[in-house]
Amino acid sequence: MTGKIDAQSLSKTYVSARSGERVEALQNVSFSVAPHEFVSIVGPSGCGKSTLLALVAGFVAPTSGRVLADGAPITGPDPRRGVMFQDYALFPWRTVLGNVEFGPLARGATREAMRATAHRYIELVGLEGFEHRYPHELSGGMRQRCALARLLANEPEVWLMDEPLAAVDLQTRNILQDELLRLWGDGGDPGQRRAVLFVTHGIDEAVYLSDRVIVLGRRPGRIKETVTIDLPRPRKALRNSAEAGRYNEYIWNLIRDEAARAIVEESA
Amino acid sequence: MSDAAQVVLAPPPRAGVAGRRLTRVLEIVVALAVVVGLWQVTSITINNSTLLPSPARVFHAWLDLLHADLRQDVLASLAHLGIGYALGIATGLALAAISTRFALLESIVDPLIELLRPISAIAWIPIAILMFGISAGVPVFLIFYASLFPIFVNTVAGVKQVDAKLVHAAQMLGASRRMILTHVVMPAALPYVLAGARLSLGVAWMAMVAAELTGSDAGLGWRLFWYQEFFAMDKVMAVILTIGVLGYCFDTLLRALQARITRWSPDSVVDEAR
Numbered sequence: 001m002t003g004k005i006d007a008q009s010l011s012k013t014y015v016s017a018r019s020g021e022r023v024e025a026l027q028n029v030s031f032s033v034a035p036h037e038f039v040s041i042v043g044p045s046g047c048g049k050s051t052l053l054a055l056v057a058g059f060v061a062p063t064s065g066r067v068l069a070d071g072a073p074i075t076g077p078d079p080r081r082g083v084m085f086q087d088y089a090l091f092p093w094r095t096v097l098g099n100v101e102f103g104p105l106a107r108g109a110t111r112e113a114m115r116a117t118a119h120r121y122i123e124l125v126g127l128e129g130f131e132h133r134y135p136h137e138l139s140g141g142m143r144q145r146c147a148l149a150r151l152l153a154n155e156p157e158v159w160l161m162d163e164p165l166a167a168v169d170l171q172t173r174n175i176l177q178d179e180l181l182r183l184w185g186d187g188g189d190p191g192q193r194r195a196v197l198f199v200t201h202g203i204d205e206a207v208y209l210s211d212r213v214i215v216l217g218r219r220p221g222r223i224k225e226t227v228t229i230d231l232p233r234p235r236k237a238l239r240n241s242a243e244a245g246r247y248n249e250y251i252w253n254l255i256r257d258e259a260a261r262a263i264v265e266e267s268a
Numbered sequence: 001m002s003d004a005a006q007v008v009l010a011p012p013p014r015a016g017v018a019g020r021r022l023t024r025v026l027e028i029v030v031a032l033a034v035v036v037g038l039w040q041v042t043s044i045t046i047n048n049s050t051l052l053p054s055p056a057r058v059f060h061a062w063l064d065l066l067h068a069d070l071r072q073d074v075l076a077s078l079a080h081l082g083i084g085y086a087l088g089i090a091t092g093l094a095l096a097a098i099s100t101r102f103a104l105l106e107s108i109v110d111p112l113i114e115l116l117r118p119i120s121a122i123a124w125i126p127i128a129i130l131m132f133g134i135s136a137g138v139p140v141f142l143i144f145y146a147s148l149f150p151i152f153v154n155t156v157a158g159v160k161q162v163d164a165k166l167v168h169a170a171q172m173l174g175a176s177r178r179m180i181l182t183h184v185v186m187p188a189a190l191p192y193v194l195a196g197a198r199l200s201l202g203v204a205w206m207a208m209v210a211a212e213l214t215g216s217d218a219g220l221g222w223r224l225f226w227y228q229e230f231f232a233m234d235k236v237m238a239v240i241l242t243i244g245v246l247g248y249c250f251d252t253l254l255r256a257l258q259a260r261i262t263r264w265s266p267d268s269v270v271d272e273a274r
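Just so you know, the protein sequences line up as chains A and B, in that order.
Residue numbers for the first sequence follow this note's numbering, so the first one is 1 and each next one is one higher.
Residue numbers for the second sequence follow this note's numbering, so the first one is 1 and each next one is one higher.
Simulated from the structure, these hints should not be mistaken for lab results.
Where hints are given, some of them may not hold.
What the hints assert, rightly or not - No more than 16 Å apart at the CA atoms, straight line, and that leaves these computed lysine to aspartate or glutamate pairs for EDC-like:
no.	chain 1	residue 1	chain 2	residue 2
1	B	165	A	87
2	B	165	A	258
3	A	224	A	258
Said to hold, decoys possible - Listed next, the stretches of chain B that the computed footprint assigns to chain A, with coverage defined by at least 3 CB atoms under 8 Å from CB atoms of chain A:
no.	region
4	103-117
5	134-140
6	241-250
From the three backbone atoms N, C-alpha and C, an ideal C-beta is built for every residue, glycine too.
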């Protein structure tokens, strides 16, 4: 009840507009994210993990149950909860600078404050020199850095991340994971860290980044188990460690059968 | 192996902007030469300058017209076009704005537009003549009518294709409804609106000539009719060429404007590179 985010008995059923068919995406999901905690959600495709994030972001309303932020029910999107999207969702008509400035602009910052904030975060994610590029002129990794700077520029209390690194190549992903940890405060004062809800299909990624991993089952999505990752921080030296490997294997065993079934069903 | 890697990493070979321009100009010159050549051969074969004057004769006629009526005809046509097109674009945008904003109005406006759209502007000439008399009102009305549909249809499509993800992104950054409209929906729809404006200008230009030909007392179309009465086929051809060249210039101008305004779009870059 004291979490930054509290999800209480969330269920979400989609009704197809064309066929009237009902799809139960989530069933009775409850969890919470503490103020300085990094929580990941993993699960096979079709387990409703992106739906879960959209509910917390306030983009969609649950069919039943509710989500609280700081104890107050979520009624819609809020700049205190910043979102990073899988396909970046950058504004293609705005440059890197324009994208990062959007949040401060929306919140009524002065021109000078807006520019200063944007430059600070662009530098923080390593995009200085690319301020005046349009998104289509950037690589996938640079687009994701831009999306991260846009999110950070609003200084949200909660970071909601929907498979943010799924679209970049493996090396870039590893680099961005380390960057993300650095920006979150992996090596620093735990009190400075933000609450993070991170959706991914990469088990090793979830283990490497998180304090806790919520494992979802599919059809309908429900929590199978919540695994506490009891590894010291900073994590950098632990990427390929045996301890991390054991967590990976444990979680993989939880979802292997369903993941295999998901492949069969999706190709059918 | 390292050679292969370098080849992949190198930027794709492409002609510079100057090179591409030159190629384009050459293409146009060749196309013109072929048309003029065929025309020359045909006019020699027919050997009747009233029926088909030679290119040289038409060129001379055009030079004569430049010093005589042509300038005022062009100005009259541009006035018709300017007023009719501005009215058409403004009305089309306004209708698109209200029908994308209010579902109820869409269910009224949309069937009306779909009903009128297949009716060629030219079909309205008899009614327009009865309403406005032989005057500037006829071409202005027809240009207005013709340009209304492409801009409306494109703008509605442009607003509807706006990515919900981008709206979500703006919302989570704290944007108000108003800011989402001005900073997300409008820029996202802009390429469609500009494409619509270009299509509208194309059909407006054609409607203009047709309307002036039968329902006006000034303009390029009217001048065609005038010279036809005198069997001055060389001058008729000169006016036709003027109509073609001006139409082409307008389209080129709008295309350049479109590429400039939407240079953020990967598609517009492709378009520029042809």
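Closer than 8 Å Cβ to Cβ for three or more residues is the test here. Does the region 103-117 of chain B pass it with chain A? violated (count 0)
Agreement of residue 165 (chain B) and residue 87 (chain A) with the hint, judged by alpha carbon distance not exceeding 16 Å: holds (9 Å)
Sort out whether residue 258 (chain A) lies within 16 Å of residue 165 (chain B), counting only the CA atoms. violated (29 Å)
Does residue 224 (chain A) pair with residue 258 (chain A) here, judged by a C-alpha cut-off of 16 Å? holds (11 Å)
Against chain A, does the region 134-140 of chain B show at least 3 residues with beta-carbon separation below 8 Å? violated (count 0)
For the region 241-250 of chain B, do at least 3 residues have a Cβ located nearer than 8 Å to some Cβ of chain A? Per the Cβ count (0), the hint is violated.
Checked against the numbered hints given earlier, the structure breaks hints 2, 4, 5 and 6 and satisfies all the rest.
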